[in-house]
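Take a look at the letters that make up each chain.
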Amino acid sequence: MLGKLIKYENKALAKTLFPLGMGVIFVSVFAAVMLKVNLSVTDWLSAENSVASMLQSVSVILFVFSVIAIISACFVAVFMLMQRYYKNLFSDEGYLTFTLPVKIRDIVTSKAVCAFIWSLFVILCVLAGVFVIAVFGTSQSFVNSQVLDFLKNMLKIAVDTDYYGVNIPAYIAQYLFMMVVSSFQQFMLIYLAITMGNQIAKRHKILSSILMYFVIYAVCQTVNTLLMLAAGFAMGGMGVLNELTPTDTLFHIILLAATLLSAVYIAVFFFINCKILKNKLNLE
Amino acid sequence: MEYTLECKDLCKYFSGNKYFGAVKALDNVNLQLEKGKIIGLLGPNGSGKTTLLKLAAGLLKQNSGEILVDGISPSEQTKALVSYLPERNFLNPSMRVSETLDMFSDFYADFDRERAEEMLTKLGIHSGQKYKSLSKGTKEKVQLVLVMSRRARLYLLDEPIGGVDPATRDYILNTIVSNYAEDATVLISTHLISDVEKVLDEFLFLKYGQVVLHSSADEIRQQYGKSVDEYFREVFKC
Numbered sequence: 001m002l003g004k005l006i007k008y009e010n011k012a013l014a015k016t017l018f019p020l021g022m023g024v025i026f027v028s029v030f031a032a033v034m035l036k037v038n039l040s041v042t043d044w045l046s047a048e049n050s051v052a053s054m055l056q057s058v059s060v061i062l063f064v065f066s067v068i069a070i071i072s073a074c075f076v077a078v079f080m081l082m083q084r085y086y087k088n089l090f091s092d093e094g095y096l097t098f099t100l101p102v103k104i105r106d107i108v109t110s111k112a113v114c115a116f117i118w119s120l121f122v123i124l125c126v127l128a129g130v131f132v133i134a135v136f137g138t139s140q141s142f143v144n145s146q147v148l149d150f151l152k153n154m155l156k157i158a159v160d161t162d163y164y165g166v167n168i169p170a171y172i173a174q175y176l177f178m179m180v181v182s183s184f185q186q187f188m189l190i191y192l193a194i195t196m197g198n199q200i201a202k203r204h205k206i207l208s209s210i211l212m213y214f215v216i217y218a219v220c221q222t223v224n225t226l227l228m229l230a231a232g233f234a235m236g237g238m239g240v241l242n243e244l245t246p247t248d249t250l251f252h253i254i255l256l257a258a259t260l261l262s263a264v265y266i267a268v269f270f271f272i273n274c275k276i277l278k279n280k281l282n283l284e
Numbered sequence: 285m286e287y288t289l290e291c292k293d294l295c296k297y298f299s300g301n302k303y304f305g306a307v308k309a310l311d312n313v314n315l316q317l318e319k320g321k322i323i324g325l326l327g328p329n330g331s332g333k334t335t336l337l338k339l340a341a342g343l344l345k346q347n348s349g350e351i352l353v354d355g356i357s358p359s360e361q362t363k364a365l366v367s368y369l370p371e372r373n374f375l376n377p378s379m380r381v382s383e384t385l386d387m388f389s390d391f392y393a394d395f396d397r398e399r400a401e402e403m404l405t406k407l408g409i410h411s412g413q414k415y416k417s418l419s420k421g422t423k424e425k426v427q428l429v430l431v432m433s434r435r436a437r438l439y440l441l442d443e444p445i446g447g448v449d450p451a452t453r454d455y456i457l458n459t460i461v462s463n464y465a466e467d468a469t470v471l472i473s474t475h476l477i478s479d480v481e482k483v484l485d486e487f488l489f490l491k492y493g494q495v496v497l498h499s500s501a502d503e504i505r506q507q508y509g510k511s512v513d514e515y516f517r518e519v520f521k522c
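These protein sequence lines map, in sequence, to chains A and B. If you count by the numbering used here, then the first sequence holds residues 1 to 284, one letter each, in order. If you count by the numbering used here, then the second sequence holds residues 285 to 522, one letter each, in order.
Hints in this document: simulated from the structure, not taken from any laboratory. Among these hints, one or two may not hold up.
[Unchecked claim] Under the rule of at most 25 angstroms between Cα atoms (straight-line distance), these lysine to any residue pairs were calculated in the SDA-like manner: (1) A/K4 / B/F395; (2) B/K414 / A/A14; (3) B/K414 / A/V147.
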């Protein structure tokens with residue numbers, strides 16, 4: 001049943017997040033064109049021409065708005081994912097979701113998996129958009145060869161297994177893995193906060209959900225700080241931690257420990273969320 | 285004997301607890317519903333009808349007592365046996381009618397898609413239409429078609445004819461009568477007693493969260509010399 005839940009969750013999210021991702025690409029192309037207009041307008045018209053200065057001003061304003069829109073897309077995506085969870089579980093749609101013959105844990109898992117897939121999609125669209133702007137919009141020629149050279153160099157470093165003694169691909173893989181795990185942690189935290197806000201609070205449910213998010217977040221930060229202090233103390237002072245570089249084995253051990261801690265948070269949030277939905281469900 | 289739906293000292297409170305500030309939605313409800321019956325769940329507003337259905341569907345948790353569907357507490361297992369029609373639009377508005385059929389086929393092993401498509405055609409509903417573009421009454425019809433196209437053990441119908449015209453009401457009632465399997469139980473909550481009276485085998489009267497009468501239609505007619513509708517008006521006179 002998990003597969004079926006993921007299928008319908010994907011379908012539902014695709015209806016809003018696919019157009020959002022495509023919108024980001026479209027706006028990026030538009031922003032690149034605006035930058036190009038700004039850089040090239042003096043080639044077409046004399047600098048003193050009032051049309052030229054107007055075109056320059058308009059293109060800058062439109063470029064700024066486009067960049068704001070691209071950045072906002074990330075927040076809009078997170079909002080859409082939160083809204084989907086809330087609507088599908090605690091609004092009228094919940095009457096179907098909770099009467100499907102499926103396990104509660106499968107419902108929560110399907111939401112988190114699809115939220116990850118679609119947030120990754122939006123992030124990739126934003127990165128593609130930045131690439132378009134940087135490569136095509138920042139020079140008067142069709143492509144900016146300096147930016148391309150810079151990206152080629154970065155790519156070369158990214159596959160270098162012995163870059164000043166650091167295995168870069170392994171380091172990137174470890175870092176990406178940590179990012180994946182911590183993004184799941186964020187989704188589980190958001191979902192738990194929404195569930196607690198809706199099922200435990202009697203009124204002001206959205207406000208309660210936001211409050212719950214900050215309360216849980218603060219508790220996690222306190223635990224993290226205490227663990228950091230304990231680790232620093234055990235290793236002979238916080239200075240040891242601050243001086244670590246990617247060449248130290250301890251650096252990788254700490255990254256791994258942070259990932260493991262995120263995994264523990266995921267398990268705890270998931271367990272509490274499923275318990276509440278199973279034993280305290282009250283769809284009013 | 286195993287009952288399709290059984291409640292033992294079932295209590296549900298809202299806004300508070302058993303001892304303080306509670307609104308009693310259900311108060312010590314005891315009942316047993318046998319299979320093969322169509323039962324009317326009647327009572328004035330706030331008598332606990334919807335709460336009872338939601339508890340059986342697994343959307344609420346009781347404060348005390350027990351509710352059993354086919355001898356099992358509401359769970360993933362009972363949800364495969366129960367076909368629930370809430371008084372709300374439970375479908376995702378952005379879905380097409382055909383997508384809702386796909387969804388029911390995927391999740392419910394007892395869903396008869398052919399029957400659902402036949403009913404939709406009879407009602408003049410095109411499966412390519414988006415759910416949000418349908419009128420209020422048509423949305424209710426689509427939901428009822430989905431719910432009644434399952435071969436469930438227990439149907440829980442909350443106001444299934446409340447928002448539709450009288451001609452459609454007859455069609456819906458016929459659908460309910462002709463579509464449920466012999467070993468299934470149908471529990472219908474409604475205010476429109478005179479419309480449903482003719483199809484019901486038994487009646488369950490709720491008042492202030494308590495069962496005040498559980499009887500067959502014939503018993504009411506014989507004992508009180510009144511139709512169920514007349515009896516209801518007398519018992520719940522304001």
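*Against the structure shown, which of the earlier numbered hints fail to hold, in ascending order?*
3
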